[in-house]
Amino acid sequence: MRTRGGVLVANIIAGLALGYTVANIGYGDYAELNRMFTFQDLRMLLAFAGAVMIIVMVFAVLRVRRTPGRIHGGVIPGAVMFGTGWAISGGCPAIPIIQVASGYLPALITIAGVIIGMWLCHWANSRYFHLDRGSCGL
Amino acid sequence: MNHYWPWWAGAIGLALITINYTLTTDRSLGVSAAWDRVLHWRSERQLERLDAQFTDDRALVEALAAATAGQFASSPAAHPPASAVHADAQASGQDAAPGAGDEPASAAPVRPAPLITQAALLLSIFVGGWVAAVTAGRFQLRLDMGDGFRQIVTDNPTTMVSLLFAGGVLVGFGTRLAGGCSSGHGLSGCGRLRPVSILATAVFFGTAVFVSFLLWKVI
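Line by line, the protein sequences give chains A and B.
Going by numbering that gives the first Met the number 0, the letters in the first sequence line up with residues 0 to 137, in that order.
Going by numbering that gives the first Met the number 0, the letters in the second sequence line up with residues 0 to 218, in that order.
If you're looking for bench data, these hints aren't it; they were derived computationally from the structure.
Treat the hints with caution; some may be incorrect.
Straight-line alpha carbon distances no greater than 20 Å define the calculated SDA-like cross-link-like pairs of lysine to any residue that follow [said to hold, decoys possible]: (1) B:K216 - A:Q39; (2) B:K216 - B:G145; (3) B:K216 - B:D154; (4) B:K216 - B:L122; (5) B:K216 - A:D40; (6) B:K216 - B:T153; (7) B:K216 - A:L41; (8) B:K216 - B:I151; (9) B:K216 - A:A30; (10) B:K216 - B:N155; (11) B:K216 - B:R149; (12) B:K216 - B:G147; (13) B:K216 - B:L198; (14) B:K216 - A:F38; (15) B:K216 - A:T37; (16) B:K216 - B:M159; (17) B:K216 - B:Q150; (18) B:K216 - B:T158.
Produce the entire structure from the sequences given, and follow the hints as far as they go.
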């Protein structure tokens with residue numbers, strides 16, 4: 000599965016499963032998301048934390064390799080911006096796609112914002128920050 | 000009473016997706032990285048071409064070395080002892096070549112996934128979300144973001160558009176500045192106990208909690 004075709008199939012399976020699962024947990028529903036972040040309903044928080052716990056245990060048992068990752072100057076400001084944007088718009092980079100797929104057409108505006116934000120970050124980093132930000136997709 | 004999955008089903012589902020993806024590809028699942036690479040497809044294509052060219056050049060050098068070694072090994076020895084020693088050395092080098100070639104190959108998974116696979120990931124998320132909405136009876140084309148958004152954030156369409164756009168810009172800029180999002184840092188990174196991912200996840204979750212309380216109780 001590590002050839003080009005294998006990775007393509009793995010991405011399609013992961014994308015289909017991720018879209019299906021995230022939509023059925025309710026991350027695309029703004030009311031549910033706000034109830035999670037304000038601790039009125041712990042269901043979605045437990046789903047996320049439970050997933051992380053399972054992954055940690057399985058990766059430890061299988062001795063999955065650590066990927067390189069350095070704490071750089073962009074981590075905290077970037078995470079603050081992301082957290083603010085997620086709470087306001089209800090979308091992390093995958094969720095607006097699921098919102099549009101569920102019929103919430105204004106989420107197209109969120110997607111437009113995400114695209115412009117990423118372009119701006121790319122431009123600002125190459126011009127001003129010069130940070131080696133790493134990549135979660137490796 | 001909601002109609003969404005219980006927490007344990009969601010946890011198992013998200014964990015299975017992340018674990019399966021990591022084990023089958025030896026890469027980490029990251030949606031914001033996929034977005035970023037698809038958006039900068041021109042430069043990514045250029046990098047992929049350079050990478051392919053580098054791989055071809057390396058294969059050519061290895062083939063030439065193997066052919067040279069073969070020539071030396073099969074030629075009649077003018078100086079038997081020295082030639083034999085040289086041929087042995089070349090032959091052992093040739094034998095070692097696949098091993099040496101394997102090393103970059105084993106390091107190859109560290110290279111980013113091909114661009115087309117990242118575009119496929121984003122499209123597949125859309126299809127998966129659509130199937131979930133339709134099969135659960137939740138699919139409905141609408142021009143608002145639901146009752147929750149209307150009650151907690153705003154019921155004014157213009158303000159809604161402005162906030163969604165601003166929120167999207169913050170998400171796009173923030174995830175790329177921090178080097179990941181809820182899938183890359185949150186699931187894959189925290190799952191590997193990477194300090195940078197644990198820090199990023201704590202900060203973006205903490206900020207989202209703070210802003211959500213502001214929206215709910217204050218604003």
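Checked hints:
The straight-line distance between the Cα atoms of K216 of chain B and Q39 of chain A is roughly 12 Å, inside the 20 Å bound, and the hint therefore holds. Distance check on the hinted pair: K216 of chain B and G145 of chain B sit about 19 Å apart at the alpha-carbon level, within 20 Å; holds. As the CA atoms of K216 of chain B and D154 of chain B are separated by approximately 16 Å, the hinted pair is consistent with the 20 Å bound. Taking the CA atoms of K216 of chain B and L122 of chain B, the gap is about 37 Å. The hint is violated against a cut of 20 Å.
Taken as a hint, the K216 of chain B and D40 of chain A pair is honoured in the structure, with Cα atoms around 16 Å apart against an allowance of 20 Å. Proposed proximity of K216 of chain B and T153 of chain B is supported: the alpha carbons are some 14 Å apart, at most 20 Å. A C-alpha spacing of about 18 Å is found between K216 of chain B and L41 of chain A, which places the hinted pair at or below 20 Å, so the restraint holds. This hinted pair checks out: K216 of chain B and I151 of chain B have alpha carbons roughly 9 Å apart, not beyond 20 Å.
A hinted pair counts as satisfied when its Cα atoms are at most 20 Å apart, and K216 of chain B with A30 of chain A qualifies at roughly 14 Å. Proposed proximity of K216 of chain B and N155 of chain B is supported: the alpha carbons are some 19 Å apart, at most 20 Å. At roughly 15 Å between alpha-carbon atoms, K216 of chain B and R149 of chain B fall within 20 Å of each other, so this suggested pair holds. A hinted pair counts as satisfied when its Cα atoms are at most 20 Å apart, and K216 of chain B with G147 of chain B qualifies at roughly 14 Å.
Between K216 of chain B and L198 of chain B the CA atoms are separated by roughly 27 Å; this puts the pair beyond 20 Å, and the hint is violated. Under the criterion of a C-alpha separation no larger than 20 Å, the hint pairing K216 of chain B with F38 of chain A is consistent with the structure, at around 13 Å. Distance restraint check for K216 of chain B and T37 of chain A: the Cα-Cα separation of roughly 10 Å lies within the 20 Å cut-off, and the hinted pair is therefore satisfied. Taking the CA atoms of K216 of chain B and M159 of chain B, the gap is about 19 Å. The hint holds against a cut of 20 Å.
For the hint pairing K216 of chain B with Q150 of chain B, the CA-to-CA distance comes to about 12 Å; that is within 20 Å, so the pair holds. Proximity of K216 of chain B to T158 of chain B is assessed by CA-CA distance (about 19 Å); at most 20 Å being required, the pair is judged to hold.
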